[in-house]
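Take the sequences, apply the hints, and build the full model.
This is what each chain is made of:
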Amino acid sequence: MRATLTTGWLLVWLVVGACGGDTRAPLEIEALDVVAPLPGSRVAAAYMTLSNTTTEPIVIERFTSPEFESVELHETRIEDGVARMHALTRLEIPPESSIVLESGGMHLMLVSPLDTGGTDRTIALHFHYDDAGVVIASADMRPRLAGAPAY
Amino acid sequence: MVSRGSKFSARGARVAAGALMGLATAAGLVLILGGRPPAEPLRATVFPSPIPLPEFALSDADGRPFTRRSFEDRWSLVFFGFTNCPDICPATLQQLALARRRMAQALPADRLPEILFISVDPERDTAEAIAAYTGAFGDGVRAARGDLAELDKLTRSLGVYHARTPSEEGGYTVEHSAAVIVIDDQAEYRAVFGPPHDVEAIAHDTALIMAAR
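Respectively, the protein sequence lines represent chains L and C. Using the working numbering, read the first sequence as starting at -16 and increasing by one per residue. Using the working numbering, read the second sequence as starting at 639 and increasing by one per residue.
Hints listed in this document are in silico derivations from the structure and should not be mistaken for laboratory results. There may be inaccurate statements among the hints.
Okay, the calculated bits of chain C under chain L, using three or more residues with CB under 8 Å as the criterion [what the hints assert, rightly or not]:
id, region
1, 711 to 725
2, 728 to 742
3, 812 to 824
4, 829 to 840
Even for Gly, the Cβ is constructed at its ideal location relative to N, Cα and C.
This is the structure in structure tokens:
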């Protein structure tokens, strides 16, 4: 799965790196998996691992995507056999820690695709955090089922 | 006029056919179990006595009536969900499709259980939407929908919970039971799988329950 990052703090990072400091990005996004909406559905899902490489907490205040009307952070909880979906308003990643967004747990719900052109395209996700800028990660959207048509 | 002998023959033929189907299922079950003899269910809760379904009136994805009788003649694995559910619903249907594919390695097509998706969001889940949605999961997957009063006749009898909850964005989502319900070919509630689901366990236990009938 291809995933790329663009950051608002890139310049700072390069300066620090040139001075021989830590060259890791403060917020790393790995294993980004964007699953296309099924036919008849208007929602896609995105899973990933988010890592805070710094010694301070990172708080992601909101998520957006130019390809979807809105992006919501949800957590699925199975309580007494009932699937309950809780909307989360922010995501705090503790210092030097990782949080996994995965099926059956926390995930991004991508609502109402703005282009119904199918699954064969790249989706960009924007992570807005700590008023410090935006990290952009992108990945090729995949169908949930092999050979399944998209919305 | 039907002679006594021909009555016995017809009855005998039915018994023999039933026995053969049972043997075929049992043989298939041994294959599903990897050559080991049938054992206890891995995950399913099996009821000691089947629970008959009540009468209800829903529609299938083609707009045809979907009633209690629609469960007859074929076993069903039933999941209640909605098409705008991003995670649990498609994941569970995918698991059920994979379990059915696993069972298809050992059982003939006419003995495979049908996968049934019943919408708990009939306001947004039109017939066209549920048809397109379930069509993505391959053969043997059907869908049904209907008004909430009729839906509740079925869900209450199965102990399936569903409720609309408002979302911050002004819309709503639907909380619902994540169980997979096993209905036999007599329209009786036989067993239930609670979450989290496991493909191998669903294939194993469903075949086991079917063979035990």
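Okay, the hints, checked on the actual structure:
Counting residues of the region 711 to 725 of chain C whose beta carbon lies closer than 8 Å to any beta carbon of chain L gives 5, which meets the minimum of three for the stated coverage. Look at the region 728 to 742 of chain C against chain L: 4 of its residues bring a Cβ nearer than 8 Å to a Cβ of that chain, three or more, so the hint holds. Residue count for the region 812 to 824 of chain C with a Cβ under 8 Å from a Cβ of chain L: 5. That meets the three needed, and the coverage hint holds. With 3 residues carrying a beta carbon less than 8 Å from a beta carbon of chain L, the region 829 to 840 of chain C meets the three-residue requirement, and the given coverage holds.
Checked against the numbered hints listed earlier, the structure breaks none of them; every hint is satisfied.
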